[in-house]
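Take these sequences, add in the hints, and give me the full structure.
Below, each chain spelled out in residue letters.
There are 2 protein chains.
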Amino acid sequence: MAEEGFRLDPWGHIEIKDYDRLYKVFGIRPFSEVLPLLKRAGMEPSHLIARGIIFGHRDFDKVLEAKIRGEPVAVLTGFMPSGKFHFGHKMVVDQLVYLQRHGFKVHVVIADAEAYIVRRIPREEAVRIAVEEYIANMIALGLDPKDTVFYFQTNRGTAYYRLIQLFAGKVTAAEMEAIYGDVSPAKMMAALTQAADILHVQLDEYGGYRWVVVPVGADQDPHLRLTRDIADRMKGVVELERPASTYHKLQPGLDGKKMSSSRPDSTIFLTDPPGEARRKLFKALTGGRATAEEQRKLGGVPEVCTVYHMDLYHLMPSEEEVGRVYRDCKSGRLLCGECKLLAWSKLERFLEDHRRKLEKAKDIAWRVVEAPRF
Amino acid sequence: MAEEGFRLDPWGHIEIKDYDRLYKVFGIRPFSEVLPLLKRAGMEPSHLIARGIIFGHRDFDKVLEAKIRGEPVAVLTGFMPSGKFHFGHKMVVDQLVYLQRHGFKVHVVIADAEAYIVRRIPREEAVRIAVEEYIANMIALGLDPKDTVFYFQTNRGTAYYRLIQLFAGKVTAAEMEAIYGDVSPAKMMAALTQAADILHVQLDEYGGYRWVVVPVGADQDPHLRLTRDIADRMKGVVELERPASTYHKLQPGLDGKKMSSSRPDSTIFLTDPPGEARRKLFKALTGGRATAEEQRKLGGVPEVCTVYHMDLYHLMPSEEEVGRVYRDCKSGRLLCGECKLLAWSKLERFLEDHRRKLEKAKDIAWRVVEAPRF
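Line order of the protein sequences matches chains D and C.
Read left to right, the first sequence gives residues 7 to 380 (this note's numbering).
Read left to right, the second sequence gives residues 7 to 380 (this note's numbering).
These are computed hints drawn from the structure, not numbers from a lab.
One thing to keep in mind: the hints can contain errors.
If several chains are the same, the list does not tell them apart, and a pair holds so long as it fits within one copy or across any two.
No more than 30 Å apart at the CA atoms, straight line, and that leaves these computed lysine-lysine pairs for BS3-like [what the hints assert, rightly or not]:
no., residue 1, residue 2
1, Lys176, Lys90
2, Lys303, Lys263
3, Lys45, Lys68
4, Lys241, Lys90
5, Lys68, Lys30
6, Lys263, Lys366
In structure tokens:
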């Protein structure tokens with residue numbers, strides 16, 4: 007190992023199972039190959055890119071080439087309006103803000119149709135959550151609402167719905183079952199609607215953005231592949247480019263499992279009161295050893311430490327600072343208690359600052375989106 | 007038998023299999039029970055009603071009661087834009103014209119989404135057929151375009167599509183399979199779109215017609231039942247009344263089988279040249295006996311005669327005239343050759359008159375509907 011373990015290896019600290027499968031079987035490409043194009047497009051890599059959190063892509067080179075040629079480019083993401091906005095969501099918003107600052111038009115889909123038909127979330131509740139939790143937090147995180155299209159799936163207009171209808175003729179029940187595990191009308195509609203979300207911004211009615219990238223976790227790739235196939239199959243009816251995508255590693259939950267609103271201690275919500283946030287952070291799973299003595303001798307394991315991942319994803323944008331934490335943990339110089347205090351000092355400041363921004367953002371949020379009537 | 011066979015029995019001359027099943031199992035009601043309400047609503051029965059061709063209904067009494075109270079009422083039908091307009095289509099249009107003249111707002115759905123996703127009919131072809139074949143013929147048959155909403159499924163606006171999305175959460179794959187025989191996304195979308203066609207006119211956006219009747223053949227009842235169930239299940243989301251329906255006996259094809267564009271000799275198209283129409287009529291299946299002598303002795307069987315059905319459905323609105331043909335056939339006084347000549351004299355005049363009206367109607371047809379862009 008020697009020095010090897012101390013380098014900030016962009017592919018090292020966060021484990022992804024089955025890279026080979028992703029690359030060889032599914033054809034996702036390493037993100038590193040587009041770094042030269044990123045530079046040519048005048049885009050300094052964000053910390054998520056520099057750290058290899060964004061590790062793969064499909065056709066993002068084409069989007070960057072279009073951008074270099076001066077053509078309009080866009081990024082699209084969606085969320086289901088349920089639960090509260092947490093640090094897992096923040097990571098995606100950070101990507102949006104990064105791309106927006108480099109000239110990408112941002113589209114944010116509020117998946118209220120899906121929320122309603124799949125999860126039975128009452129409409130008024132879905133609208134409130136969408137606006138006050140998601141959109142407000144996004145704006146507070148720096149997304150410029152003047153350059154963002156926020157829309158509800160149930161309020162997007164005729165041409166968008168026409169796509170959903172036409173897509174229905176382009177997929178089979180067997181494909182649906184393979185990807186979604188069932189063939190219920192609800193799932194089928196949600197899948198076709200998602201494909202329309204990704205593809206409709208290419209229509210003139212919605213700005214004619216031919217070059218669209220969708221940032222997702224690798225687990226979302228089957229949806230992207232279906233959407234790419236649908237785009238191909240629409241030839242002769244509506245000409246649609248295949249969407250590009252980037253793939254990011256999911257931040258692990260504070261309990262070491264998947265981050266999820268349904269296990270509130272697995273994540274920190276951006277509206278958690280300071281005491282609550284502190285409590286969650288201090289009981290988070292670390293890569294510490296059984297005793298302080300042992301840890302001083304062997305060093306910690308930041309690769310499995312959920313606090314280190316908070317630093318890496320959110321709290322320490324400086325390479326130098328996060329590199330120091332990584333090295334000092336590995337060497338045994340930095341023990342978990344002290345490391346948590348360090349993270350908390352960053353987190354506390356962030357949350358306080360965010361709370362202030364969020365209050366203003368809520369008013370703005372209600373103004374930037376038109377809620378559907380039913 | 008005696009005089010019995012000579013009466014114009016509204017339930018007699020056209021055979022429907024399984025009345026009992028329709029009435030007892032499925033709860034379709036005999037149309038005769040609404041005749042008093044029809045009278046109270048100021049509506050003289052049309053020949054299709056008087057002759058029992060319209061034989062059943064669901065909730066049409068509620069529509070008539072609403073009309074008597076002075077509330078707006080509507081009728082809705084749809085067609086797939088494929089093939090040519092024939093006498094099977096004309097029967098439904100005659101119902102629309104009758105209801106329109108009695109104050110019903112008419113809605114005509116052009117099922118272009120269905121045509122595209124289920125039958126792969128190219129869009130431009132579907133639009134041309136919809137306008138020049140269907141809408142033009144409807145107008146030529148007396149439908150007043152000023153009081154008719156013609157619309158394409160792919161161009162109907164947000165609230166309509168929202169219904170389709172929401173309906174997806176209200177039906178199961180098992181229901182779809184039971185009714186449509188498969189669970190392909192194409193069929194599901196077609197089914198949900200059809201439910202939205204029937205129900206969306208109740209929304210304020212589309213005129214707020216709460217009382218809607220859909221005239222269909224009995225074979226279409228499963229679709230109606232599904233739509234009624236969906237209306238019930240939307241309670242608390244959107245308040246929708248169950249649609250009413252009327253049921254008509256399908257006119258038999260000239261070959262005695264089901265009338266269909268795909269067997270051009272089974273029906274007469276309203277644009278058939280006179281020679282062609284005459285040829286089809288004269289080779290049509292009748293209820294004649296093996297020899298003229300036998301027929302003079304035993305009488306003919308108008309119940310199975312496809313020419314008699316042309317008289318009954320289309321050519322002889324006068325009860326006296328069609329009654330005379332029926333009786334003279336049964337008694338053996340009227341033989342098939344003479345009877346066909348009589349029908350042809352009516353048909354020839356109708357087609358000539360219709361051709362003239364159709365030319366004017368085509369120009370109007372292109373103006374009354376907005377065709378979708380793709």
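Here is how each hint holds up against the structure:
1. Lys176 <-> Lys90: Close across copies (27 Å), not inside one copy (35 Å); limit 30 Å.
2. Lys303 <-> Lys263: This pair counts as within: shortest intra-copy Cα distance 28 Å, inter-copy 91 Å.
3. Lys45 <-> Lys68: This pair counts as within: shortest intra-copy Cα distance 14 Å, inter-copy 70 Å.
4. Lys241 <-> Lys90: between (40 Å within a copy, 28 Å between copies)
5. Lys68 <-> Lys30: Within one copy, since 20 Å is at most 30 Å while 64 Å is not.
6. Lys263 <-> Lys366: Answer is neither; intra-copy 34 Å and inter-copy 71 Å both fail.
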